[in-house]
Amino acid sequence: MKSNNAEDALFLKQVAKGQSAGIEALYNRYSRLVFSIALTIIGDRSVAEEATLDVFVQVWRRANTYDPARGNVRMWLAAVARHHAIDILRWQSSRLDSKSLYLDDLQWLGDPSQPVVEEETELALQRKRVQDAVAQLPADQRQVLFLAYFKGHSHQQISDTLKQPLGTVKTRIRLAMQKLRKLLMDELDDIESVDTSEKNRTT
Amino acid sequence: MMDDTHVLDSLPAYALGSLDEEEKRLVEEHVLGCHICRQELDEFQVVADNLLLAVPEALPPAALKGRLTERIQRLNRTPTKAPPGWRFPWPLPVGAIAAIVLIVILGISNLIFWQRLNTMEVITGPLGMRAVALQNTEAASKASGFVIISANGDDGVLVVDELPQLDESHEYQVWLMREGVSTSAALFSVDEGGYRGMRLTSPESLLLYSEVGVTIEPAGGSTSPTGEQVLRGSLFNP
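Top to bottom, those sequences are chains A and B. Counting from 1, position 156 in the first sequence corresponds to residue 156 in our numbering; the numbering is continuous, with no gaps. Counting from 1, position 44 in the second sequence corresponds to residue 44 in our numbering; the numbering is continuous, with no gaps.
By construction, these hints were calculated from the structure, which means they are not laboratory data. The C-beta atom is built at its ideal place from N, Cα and C for all residues, glycine as well. A hint or two may mislead.
If the Cβ cut is set under 8 Å, some of the chain A residues that face chain B in the computed set are [said to hold, decoys possible]: (1) V47; (2) D54; (3) V57; (4) G71; (5) Q131; (6) L145; (7) L184; (8) M185.
What follows is a set of in silico ranges between Cβ atoms, one per label pair, in the way DEER data are often shown [said to hold, decoys possible]: (9) A/G18 to B/D20: 39 to 47 Å; (10) A/G18 to B/Y195: 24 to 32 Å; (11) B/E22 to A/D67: 27 to 35 Å.
Kindly generate the complete structure, drawing on both the sequences and the hints.
Right under this line is the structure:
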């Protein structure tokens, strides 16, 4: 399956040269992903919209800081979105509706049975793979993953939030990640190897 | 539990970012010299990063693209470098900073600039300096403030007004946030009118941070934000 990373890298090069066509192309391709991440973390649409703008403006300003060795463009954007959204969440946590911090397993997981209309088939398929894998985890493991990765909580904070022993939280995180790695790594290896081959052709 | 020779049990949590500072430091020190744990960590990091693809899909409003275009066009119109041979006169006595800032802003002096600053946008002023208006919280609903950052991010000033005076056991502390880590940039108290201007200090360029905030802390400051937040602003905008 052809990776889009070569195109994304070209778009980034355009952005680094100050060509707006590059940022428009990346926005068209990934605004939904970035917004989805921001909304999942922040839980407020208007703030998530601002966060989404912030991310793409940051890409515009700092496209030359992208390092291909650290992952493909899509995951770089997603990581920037996550970091920024967690930063905003930490500052605004006292003002947000507490429901935005409550866990509903299916609410954050996304329903893997629903067809996803995606412009990029590869992204849609990868999303489905990850959702299917996460769906196989027990609910308590999905909970701790969500708090750790999407709310930026430490072990202790998760323990306090869920009123579970610290050791239990650590064990659930470890078991969840080990299972996900087992489920995903073969497929992710295929994707990574495609991306690597694309990277080698473009560098 | 951490193995004596490896840190394998901690790697999943490290990849998720949920270790405390000490645990994180131990992992980082260990993986520098352990290829086994390094490889394991790389795999767990890939897994963690792919979790971002599992979020429920949400569509941003169609108008958002137009807003992005506007912001980028503003960026393209504004200078970002100071003219050669000019140097902003740092450091300044604290008492002079607010006056200088006001002079700079008034020197630009147009209504649109003030309106935009009041609506929490980041404005690029003369010589590439950026001004960020701060938003208050319920804890200080009358307070206002702004941050001005030099073009290269090496220098910054915070000016606040109408912040409540604190008792002797508390002070205000300024935080710069980046990738989930808060860095203290200043500790201050205000005068009777709730006013203060101060220089911000940072180990790195101010342009690298995404958020700025002010919280109420015990006198002498804290190592991380513990008290109520009174002002905040995003530094991510152009």
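Hints, one by one, checked against the model:
1. V47: At 10 Å from the nearest chain B Cβ, A/V47 fails the 8 Å test, so the hint is violated.
2. D54: Where the cut-off is 8 Å and the nearest Cβ of chain B is about 4 Å from A/D54, the hint holds.
3. V57: holds (6 Å)
4. G71: Since chain B brings a Cβ to about 7 Å from A/G71, closer than 8 Å, the hint holds.
5. Q131: Holds, because the Cβ-Cβ distance from A/Q131 to chain B comes to roughly 5 Å (cut-off 8 Å).
6. L145: This hint holds: A/L145 lies near chain B, its Cβ roughly 7 Å from the closest one there, short of 8 Å.
7. L184: A/L184 check passes; min Cβ-Cβ to chain B is 6 Å, inside 8 Å.
8. M185: At 6 Å from the nearest chain B Cβ, A/M185 passes the 8 Å test, so the hint holds.
9. A/G18 to B/D20: 39 to 47 Å: holds (42 Å)
10. A/G18 to B/Y195: 24 to 32 Å: Violated - the Cβ-Cβ distance for A/G18 and B/Y195, about 40 Å, lies outside 24 to 32 Å.
11. B/E22 to A/D67: 27 to 35 Å: Distance hint for B/E22, A/D67 holds at roughly 28 Å.
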